[in-house]
Amino acid sequence: MRVIKFLIYGVPLILVAVFVAAFWNATQLSTNKKNELTIGSIGEPTKINPILSTDSAASQVESLVFEGLLKYSADLELEPNLAREFQLSQTTTFFFPTNESASAAREILMTLSARWAEWTLRNAVVIDRELRLDFLQPGLETSNVIADLISIDPMSPVVQVRVEVGDKARELLATFRAAHPEFNIVREWFDYDAVFEISALGDSAPISEALTAFLAAKKVEKSNVQVLDELQFLAEPVVRFDLREGVLWQDGVEFTSKDVAFTFWALTDASIGSPRKPDFDLIQALETPTPYEVVVTYRKPFSPALSSWTMSIIPAHILEGKPISWWDEFFHRSPVGLGPFKFAEWKTNEFIRLERNPTYYDGAPWLDAVVIRTLPDPIANRLAFETRQVDYWGVDPWAVKAFEDDERFDVFNAPAKQYNWVGWNLRMPMFQDLRVRQAFAHAVNVPEMIKYVLYGNGVQSTGIFPPMYWFANNDIVPIPYDPDRARALLDEAGWKLGPDGIRVKDGERMSFKLITNQGNETRKDIATLVQDNLKRIGVDVQVEIYEWAVFISRFVMKQEFESLVLAWTTPPDYDAFQVWHSSQANADQLNLVGYNNPQVDRLIEQLRQEYDRDKIIEMAGKIQLIIYEDQPLLFLYIPDSTSVIWKDSFRIRRPTPDGWKDTPVEMTKAGWTYYLQWFYRPEYADEMPPAEVAVP
Amino acid sequence: MIHFIIRRLLITLVLVFFISLVSFFIITLTPGSPYPWGELDPKISQTVKDNYRKQFHLDEPIWMQYYLNMKGLFSGDLRSIKDGRPVLERIGERLPATLALNVCAIVISLSFGLLIGVYSARNAGRWPDVTLSVISFAMLALPGFWISYLVIIGITDWFGTPMLGTSTYGTIFPNAASQMLDYAWHLALPASLLALGGIAAQSRYIRASMIETLGEDYIRTARAKGLDEETVSYKHALRNSIRPLITGIGGLLPALIGGSIIIESIFAYPGIGRLGYQAVLERDYSTLVALNFITAALVLLGNLLADILYAAVDPRVRLE
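So the protein sequences, as listed, match chains A and B. Heads up: the first sequence runs through residues 5 to 700, numbered per my numbering. Heads up: the second sequence runs through residues 8 to 327, numbered per my numbering.
Hints listed in this document are in silico derivations from the structure and should not be mistaken for laboratory results. Warning: the hint list may mix true and false statements.
[To be verified] Stretch by stretch, here's where chain A covers chain B in the computed footprint (C-beta under 8 Å, at least three residues):
#1 21-31
#2 38-44
#3 88-101
#4 175-186
#5 204-211
#6 221-232
For clarity, every value in this text was computed on a predicted model and none was experimentally measured. From the three backbone atoms N, C-alpha and C, an ideal C-beta is built for every residue, glycine too.
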């Protein structure tokens, strides 16, 4: 009976005692913080490897552990990093029928040597039937000019063909080359082993016919031969990186060009399957003449490709020769990089701990460690911040005002790199009339939407590039809210008010569905406001909301919708091809609304080949203006992203050309954590190593 | 008895197979894709997508995918689509924390359930019983996440005490005892909230069963022969009233490793519930297959165990 009584009364009593003691202990814990920064993260990284992961939780860790050849500055411009400097150049190759005609063309060029400087032409050599020109600046313009000047003899055109075969691409192309020596194939390139692309001399018809016949004879199913282009010459830009010497991996081994070559191999090899491969598909070859030199040759001028070299470099000495399962088991959970913090510990679903890298090339950080905690619940995130368990919190729009008014906090507010929009499916006749889209833009009260949906924390969007980027066009005036103008435009377009208050044209009511995804309250609010605003000008909108996966796979990617609410996030990249070029408007492509403007198509194509900064700004600005005027989307707003920290919990001491500069945490275009390497807790200021030690 | 157990085990095997089959089809036929990148990422080319599908056999017919998953599960080399690590390892590393949380929660719910149940039964109909009954029903009716939010917001506002995860972060602990108590605190709070529903349910079972027993003839006999009320309650009545509690232990087997998604998420506690939830959101088919299989097997084994225990405790029950 004693045992029973103990079980009934004793056990609960002990439990209560333990609970009280534990609670008391928790309230007594010191609030002195270690010299660390703790971050709360909703998700947990799947794997820490910059060439494989795509989740934001992983990239947060990777940005601290790894480094790239280039990086973005505080103003979001490309600048050298592991590469001490980089130089652009271009090789243009003309193909002539004979060696003599190539030499003759070179002679003509030599007589024009006065213009070489203007063309940035450095050298011209004849090799066999090829005339190779070496330019200081990539681009097509000067090569075209020269082509006109030297074409006394007809040059051989270059035909580029893409062949999809499914697999065994290398083997098939080798067999084809052996079987058809008459085609002069000067370049080849493989997309895994599934596709090959070749550049051959001559006309397109015979070679594509020969390829088709060859594949049929080899019984290759589902093959596809596509002539990509017929060119007058090959223009191949070259980027030369000079690497810093003496940079060490976090395990002490020196970083060399071998690591860059290995990273490139890993990005493009099928056994690794990197999702970032498409960024590197335009590379014809990557060479490493010395341990501190990397020379990258591109297949054609494509200036946005330069930004892909912000890609983090992975260590060859650790990963080379190991199968991907070894990577998964050993590297992806204890990575070694070149960044300011090195990986120390990962407790699944709890935290990832990164510690100061004392050998960081740009100077060891002040903080001892950065801890990234996994806190899946949004409210838990806020509570963790308020109990000082994490050092900052990404504030929801509704709470921003309260934190700004509170003396205890520092608030950092900046426009997010995204814009929200309502898209009209331009495949529908109703939306094809520009006046209708303009009317909708006048009818929707965006300032009011920002005021009520975002509590004022956002700005009206003026097109496809957000204002913080150097190539954005910030002269565009947003379309004002003007319902009367909207009504007039609809009347003008032939949509007259019907008896039930809804507009009608040729018997068709102005009525359509507006869809968005579940789980995003902001988008739901937007849809409701748009529905209400449009109703006031006689348009009937039905809002429907679907689960994300259904929304994407059934409607968005099949492009079977009437209108939708969505947002684009915008990387610091001016290439608008995938989202706005008319060739990208098929199912599973990203020109979702089916925008088609030949002028914009041309500008987008030219912009991709342009390397001159001023011209890029001019062209990107033009693209942004034309698309904004065309209103394929109702551009809504760019929300603010707001972070809050406890007042003065960190300061920054960073080197500048004028010496060390000590400031409170400051906002940059690249966010308030841009100088994380130089953050320190004021209470540890005395213990900080003397500044001279860390002079980078 | 042996006969019975063997027959039940065989039936269990067949059942587990069907459950895994049906759940696999439900999982894979749900819209959405297990791509690690967003469906709308403009930078992913078709060849990369095709290559990925090939790597994880997503291009195979669905029955073949089922076969490959099952084969991988039994040979132990089934890997998560998400991070490429063996699924059993992913589940295994969460086991200690999950067991700690669930054992704690079960001990709390059983001990407090017993205490409240016995107390209520002995005071049946009087005001303490009525009060406890109302509270019990309230605990059963109120959603756990709502109570949890109230509790953590309350503690944050009034005491500013950290309580998320498994320990306090960034603090310098004065001694080892303080650190141990900190662990205990981070375990006790979610376990208590997880146990609330259990306490309410257990106390109702025991109360009902005990009131019934106290009305039996042999209790009257015991009282008649002059035994004191304590002996009657604890020695005679209680023994016969805890049968529902013992047989309920079979049902605890799956609860031991099954997690609570909501409590684990709110408290950022690294348990199996969150693993499963995350796997559903990410369409990580291989992890889901393994979790479903293990859970189904445990539920069925738990049922079997309950039957056997029932026979062991109550000699009137014969297993044939």
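Here is how each hint holds up against the structure:
Coverage of the region 21-31 of chain B by chain A is violated in this model, with 0 residues showing a Cβ closer than 8 Å to a Cβ of that chain against a need of three. Remark: the region 38-44 of chain B is confirmed as covered by chain A, as 5 of its residues place a Cβ nearer than 8 Å to a Cβ of that chain, reaching the required three. Coverage of a stretch by a chain is defined here by at least three residues with a beta carbon nearer than 8 Å to that chain's beta carbons; for the region 88-101 of chain B and chain A the count is 7, and the condition holds. For the region 175-186 of chain B, the stated coverage by chain A is satisfied: 8 residues place a CB nearer than 8 Å to a CB of that chain, which reaches the threshold of 3.
Closer than 8 Å: that is the beta-carbon criterion, and the region 204-211 of chain B has 0 residues meeting it against chain A, so the requirement of 3 is violated. Counting residues of the region 221-232 of chain B whose beta-carbon sits less than 8 Å from any beta-carbon of chain A gives 0, not enough to reach three: the coverage restraint is violated.
Hint violations for this structure: numbers 1, 5 and 6, all remaining hints satisfied.
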